[in-house]
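As a plain string of letters, each chain reads:
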Amino acid sequence: MTLVLEAAVLGILTGGVYALMASGLTLIFGVMRIINVGHGALVVLGAYLSFALFRSLHMDPFLSLVVTMPAMFALGVVLQLVFIRPLKTDREALSVLVTYALALGIEGVLGYVFTTNFVELRAWYETASFAVFGFHITWVYVFGFVLCLTILGALFLMLYRTSFGGAIRATMLNRTAAQLIGVDVDRVAAIAFGIGVATAAAGGVVFGITNAFNPGSHYDLISRLLTIIVLGGLGSLRGAVIAALIMLVSEDITQVLISPVWANFVFFVILVAILIVRPQGLYGVRVRDRI
Amino acid sequence: MSGTPTIAIRAGRVRALKGLGLVVVGILALILPLIAPDPATTGMAVFTVMYVGLASAWNIMGGYTGYISLGHAAFFGFGAYSFGLLLNHLSVAPGYLPFVLVPVAGLLTAVLAVGIGWVALRTRAATFVIVTIAFMFMLQLLGENLVKLTGGGAGLALPYSHDWGGDFFNVPYYYAMLVLAVLALVISWSIRRSKFGLGLLAIRDDEDKALAVGVPTRSFKLTAFVISAVLVGMIGAVYGYYVTYLYPQFAFDPLIGISMVLMAFLGGLGTVSGPVIGALLLEPAQMEFAYRFGASRLYLVFYSAVFLIVILLLPRGIVPSLADLVHRWRRGAAGPTTTARGSREAVKAASP
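Protein chains in written order, with my numbering: chain A, 1 to 291; chain B, 1001 to 1352.
Since the hints were derived computationally from the structure, they do not count as laboratory data.
Among the hints, erroneous ones may be present.
Output of the computed footprint for chain B on chain A, the stretches with three or more beta carbons under 8 Å from beta carbons of chain B [stated by the list, open to error]:
(1) 63-71
(2) 183-196
Across the chosen pairs, the derived CB separations fall in these ranges [as the list claims (entries may be wrong)]:
(3) A:Val261 to B:Leu1255: 21 to 27 Å
(4) A:Thr176 to B:Leu1322: 30 to 36 Å
(5) A:Glu120 to B:Leu1149: 31 to 37 Å
(6) B:Gly1166 to A:Ala273: 49 to 55 Å
(7) B:Leu1030 to A:Val113: 52 to 58 Å
(8) B:Val1111 to A:Leu57: 55 to 61 Å
(9) B:Leu1090 to A:Asp220: 33 to 39 Å
Small disclaimer: the values here were computed from a predicted structure and weren't measured.
Glycine is no exception: its CB is placed at the ideal position from the N, C-alpha and C atoms.
Sequences are here, hints too, so could you generate the full structure?
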C-alpha cells in the first residue's frame, strides 16, 4: 500500500512535467490547428542545450533555462514563420508531415553534434532526497514540479488575465471571427508557437535530469505527449494537465503493481478505452469536421 | 475552331505514351535480375519494389480517403512477426513454400486492422493521425514485452534458405515483392475506377456531405483501411523472410511508416502512379545516402530536407503538377483559355 501511495506521489510530481510539455503542444494545436509532432524533438533539443551549457560553462540546468527558454522561443517563432505559415491548404495533414520532418532533422543534427550515446543532466538534487512520512522523494522531482507549476501558472495567467491571452483564446475559438474583430492572428500564431516551444525547453530540463536521453528519445516522448493531449481533448489546456496527471499516476502505479515493462502500455490502454467511450477526449468538443 | 481534333489527337498521344511507359517499366522490372545481377543492385531493388508496394497500399487509405495514417508500420511489423511465428511454429521448411503462406499473414493482419480501424476510425483528421501513431508504438511495445512469443529485444529468427547463395540470394524475394507491388497497384487502380473509390474520394472532400448523399462512410473507410493494411502486412511478411531476423524497433520502425507517406506525397496523393514514382525516386536515394552517411545520422537531415522541400514547394506531388502542365499545354493548343473568364467562353464556344 505504501508502495502504491509512493508511486502515486511520484506520478503526480512527474505528471506535472508532462502537463507542462503537453500544454505547449495543445496550445499550439488550439491556436493553429496543427499537430506539432516535432514537440518531442524540441524537448530533447532543450535538454541538449542545457547539457551543452552545463558541459561548457558548468551552468546549473535549472539556471540555464534563463538562456535556453528565450532561445527556444525565438527558434519557435522562426520555425512557425518558415515552415508552418506557408502551408495554406490542408494544414492539419501537411503540418503533421512538416513537423515530423523537423523532428527527424533535429534528431539528425543532435546525433551529429552529440552522437547517439545516452547522456544525463547532472546536479546535486538529482540524487539527494528527503523523507516525508517514510517516503523518500528526490529533490529534483519537487524542483521540477514547482518549476512546472510556476510556468503553467504563468501560462494560465497570461491566457486569462491579459489582452494578448484574450487574443490567443479568441483565435482558438474562432480564427475568422478573431480576425474580424481585429486580432492579428498571424502574430498570435507565431508567438503561441514560440511559447509552446519555450515550454518544451523547460520540460526538457526536468526530463533531462530525471531520464538518460539520446537524440532518438523524442519518439517515446512524442507518443506519450500525443496520447496525453488526445486524452485531454485536443486544444484544451485543462484537459492536458488532468490527462497528464492521470496517465503518469496510472503508469507509476502499474510499475509497482504489475511490472515496469508494462508501465508504458497503460498509456495506450487508457487511450483506446477513452476513444471508445468519448472520442473527443475528456475536455474536447465535437465540432463538425474536427476531432 | 479547329481545336477539338487536336485535343483528341493529343489525348490519344498522351494515353499511348502512358501505355508505352507502363510496358517499358514492366519489362524492366521483370528482367532486372538478369540485366543487373550483382547483389548490391538486386538488394536495392528488393527495397525499392517493397516501397512501391507500401506507398501504393498506404495511398488506398491515405490518398483516397484523406485519412493520414502514420502508423502503417504497425501492420508491416505485425505481418512480419505473424509470418515468422507461423513459419517457426509450423516448422515450415525454408525455400519457396513460405511464399505461399504470405496471404495467411495477410489474413491475420486483416483481423488486427479491423480492430484498430474500429477504434481509430471513431476519430477524424488530427486525432486519427495521433491514434495511428499510438497504435504503432503499442505494437512495438508488445513486440518487446511478449518475450515468450516474440523473443523480445533479443529478436526473432526466421528460417532461411541455404540453397540461395551468391547472386541468386535476392532474386526470389525480389519477385515476391514485385508480385505484391503489382497486386497493390492493380487493387489501387481498380478501386480508383470503381464506385467504391468514388465514395472514398467523396469522403476525402467532405465526409458529412458524402454521408448525407448516401455513401456508407463508416464501412467504406474501414474497408479501405483493412485493404491497405493487409497489403502492407503481406509486404511485411516477405520483408521478415528476407531479413531473417526481426527486432521490434526495426520491424515497427516509425521511419518505415513515414517513408511510405512521404513517397505517396512526393508522387501525388490519391493518384495511382504517384506512389510508384515517389518510391522509385526516393528509396534508391535514401539507401545511397544512408549507406554513405548512416553512421553520422546525417542521413536523417537529408531525409528531413527532402521532406520539407516536397511539402513546401510541391504540396500536391509530382503527378498532379505534371498533369496540370499537360492539361494547360493541351488547352493552350485549343486557344488562349488560361483565365477563368476565357475558359467559360471556351465552354460556351464548344457547346452547341
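Cross-check of the supplied hints:
no.: 1; hint: 63-71; in the structure: violated (count 0)
no.: 2; hint: 183-196; in the structure: violated (count 0)
no.: 3; hint: A:Val261 to B:Leu1255: 21 to 27 Å; in the structure: holds, 24 Å
no.: 4; hint: A:Thr176 to B:Leu1322: 30 to 36 Å; in the structure: holds, 35 Å
no.: 5; hint: A:Glu120 to B:Leu1149: 31 to 37 Å; in the structure: holds, 33 Å
no.: 6; hint: B:Gly1166 to A:Ala273: 49 to 55 Å; in the structure: holds, 53 Å
no.: 7; hint: B:Leu1030 to A:Val113: 52 to 58 Å; in the structure: violated, 46 Å
no.: 8; hint: B:Val1111 to A:Leu57: 55 to 61 Å; in the structure: holds, 56 Å
no.: 9; hint: B:Leu1090 to A:Asp220: 33 to 39 Å; in the structure: holds, 35 Å
The earlier numbered hints that this structure contradicts are 1, 2 and 7.
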